[in-house]
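Colleague: Sequence:
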Amino acid sequence: MTKPRSPTRWATDISSVLNKVFGLNHFPVSVSDVALDLSKDWFPDDPLSLIQGENLPGFDGALLPAPSGRKGWGILYNNAITSKGRINFTLAHEFGHYLIHRLSFPNGLRCSQDDVVRWDSAYRQIEQEANTFAAYLLMPLDDYRRQIDTRTAATFELLGHCADRYEVSLVAATLRWLLFTERRAVLVLSREGYILWARSSKAALKSGVFIRTSGLAVPVPDASAAAYPDTFADARKGIEHPPGVWFPEPCQEMCIVSENYDFTISLIQLPPSSGACSFAADEDEEPEALGDRIRRIHNI
Numbered sequence: 056m057t058k059p060r061s062p063t064r065w066a067t068d069i070s071s072v073l074n075k076v077f078g079l080n081h082f083p084v085s086v087s088d089v090a091l092d093l094s095k096d097w098f099p100d101d102p103l104s105l106i107q108g109e110n111l112p113g114f115d116g117a118l119l120p121a122p123s124g125r126k127g128w129g130i131l132y133n134n135a136i137t138s139k140g141r142i143n144f145t146l147a148h149e150f151g152h153y154l155i156h157r158l159s160f161p162n163g164l165r166c167s168q169d170d171v172v173r174w175d176s177a178y179r180q181i182e183q184e185a186n187t188f189a190a191y192l193l194m195p196l197d198d199y200r201r202q203i204d205t206r207t208a209a210t211f212e213l214l215g216h217c218a219d220r221y222e223v224s225l226v227a228a229t230l231r232w233l234l235f236t237e238r239r240a241v242l243v244l245s246r247e248g249y250i251l252w253a254r255s256s257k258a259a260l261k262s263g264v265f266i267r268t269s270g271l272a273v274p275v276p277d278a279s280a281a282a283y284p285d286t287f288a289d290a291r292k293g294i295e296h297p298p299g300v301w302f303p304e305p306c307q308e309m310c311i312v313s314e315n316y317d318f319t320i321s322l323i324q325l326p327p328s329s330g331a332c333s334f335a336a337d338e339d340e341e342p343e344a345l346g347d348r349i350r351r352i353h354n355i
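The sequence shown runs 56 to 355 under the numbering used here.
Please note: incorrect hints may appear among the correct ones.
With a Cα cut of at most 20 Å, we get these calculated EDC-like pairs of lysine to aspartate or glutamate [what the hints assert, rightly or not]:
#1 K139 to E212
#2 K58 to D68
#3 K257 to D197
#4 K292 to D197
#5 K95 to D68
#6 K126 to D96
#7 K139 to E314
#8 K139 to E109
#9 K257 to D219
#10 K261 to E304
#11 K75 to E237
#12 K126 to D101
#13 K261 to E222
#14 K126 to D68
#15 K257 to D277
#16 K75 to D197
#17 K126 to D100
#18 K126 to D92
#19 K139 to D219
#20 K292 to D219
#21 K139 to D317
#22 K75 to E109
#23 K75 to D101
#24 K139 to D68
#25 K75 to D88
#26 K292 to E314
#27 K257 to E304
#28 K139 to D96
Just so you know, the hints here were simulated from the structure itself, not pulled from any lab data.
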């Protein structure tokens with residue numbers, strides 16, 4: 056029996072096709088065109104025949120079978136969504152459902168915010184797989200590494216370039232960078248003085264630099280740019296903090312307020328490792344899947 060292709064394998068295979076047909080600079084990925092064309096080539100008896108926005112209260116997107124008597128599938132996204140990055144990720148997510156899950160769910164899938172956020176959801180595993188597919192399709196690591204070297208410190212300008220290139224949000228682009236960078240860095244999202252969640256790079260995790268927020272009300276440090284983002288003129292470019300602000304060692308914090316999502320984004324970068332440290336942390340905590348985190352930022 057042939058083993059089903061994994062979400063990352065599906066995304067990698069499609070990226071290889073796009074590289075051959077359009078070259079290495081085929082970004083941002085036109086998910087609608089790719090999904091319609093490839094589904095007709097690969098699954099002519101069961102293709103995607105419709106992708107469009109609809110009034111979908113309570114849902115970001117849906118994968119639905121064609122009406123009785125017709126073959127194929129349709130992808131719908133909530134037309135109340137205004138963010139191009141969010142729409143792009145939703146389309147890629149539903150395309151992932153089509154490739155990976157349509158045979159197991161012949162009645163289709165409707166992706167609500169609860170299905171993504173709730174860890175006890177019956178759809179938890181398949182949502183994670185669709186999210187992983189979307190992240191790898193939109194932001195292939197080989198191309199991302201060509202934009203920012205693994206040893207290069209990030210700036211919001213560099214990350215913003217990647218967000219524009221892949222047509223994703225700044226947070227999504229930053230999360231992807233954290234996956235491969237050799238730098239010690241921590242992304243923190245906060246609102247009204249409290250941390251919503253945080254994500255560390257692998258290098259930061261290995262040195263014990265991480266922030267645990269699950270089930271906790273963790274305030275941002277009083278001396279941080281996140282506490283008073285409007286008072287730091289250079290917060291976007293980076294503020295140098297002495298030891299004891301975020302962690303027991305010096306760090307740089309870049310900070311920006313996202314008006315679209317009403318939260319503050321802080322990217323904290325530290326010098327090469329000089330020992331383990333943590334801030335309200337639990338080193339046994341499993342990092343959340345990248346795609347899930349990207350989806351969650353739109354539901355905060």
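Colleague: All hints are to be evaluated individually against the structure, with a verdict given for each.
Modeller: Tested hints:
1. K139 to E212: This hinted pair holds, its Cα atoms lying about 19 Å apart.
2. K58 to D68: holds, 15 Å
3. K257 to D197: holds, 18 Å
4. K292 to D197: Measuring from Cα to Cα gives roughly 27 Å; hence the hint is violated.
5. K95 to D68: holds, 16 Å
6. K126 to D96: holds, 15 Å
7. K139 to E314: Judged against 20 Å, a Cα distance of about 15 Å means the pair holds.
8. K139 to E109: holds, 15 Å
9. K257 to D219: Given pair K257, D219 is violated - Cα atoms ~25 Å apart, limit 20 Å.
10. K261 to E304: holds, 15 Å
11. K75 to E237: violated, 30 Å
12. K126 to D101: With Cα atoms ~6 Å apart, K126 and D101 stay inside 20 Å; holds.
13. K261 to E222: violated, 31 Å
14. K126 to D68: Judged against 20 Å, a Cα distance of about 25 Å means the pair is violated.
15. K257 to D277: violated, 27 Å
16. K75 to D197: holds, 15 Å
17. K126 to D100: Holds - the C-alpha atoms of D100 and K126 are around 7 Å apart, at most 20 Å.
18. K126 to D92: holds, 16 Å
19. K139 to D219: holds, 10 Å
20. K292 to D219: With Cα atoms ~19 Å apart, K292 and D219 stay inside 20 Å; holds.
21. K139 to D317: holds, 17 Å
22. K75 to E109: Given that 20 Å is the threshold and the Cα spacing comes to 33 Å, the pair is violated.
23. K75 to D101: Judged against 20 Å, a Cα distance of about 25 Å means the pair is violated.
24. K139 to D68: Distance of about 24 Å is beyond 20 Å: violated.
25. K75 to D88: holds, 16 Å
26. K292 to E314: Distance of about 18 Å is within 20 Å: holds.
27. K257 to E304: Since the Cα atoms of K257 and E304 sit roughly 18 Å apart, the hinted pair holds (cutoff 20 Å).
28. K139 to D96: violated, 27 Å
The structure fails to meet hints 4, 9, 11, 13, 14, 15, 22, 23, 24 and 28 from the earlier list, while all remaining hints are met.
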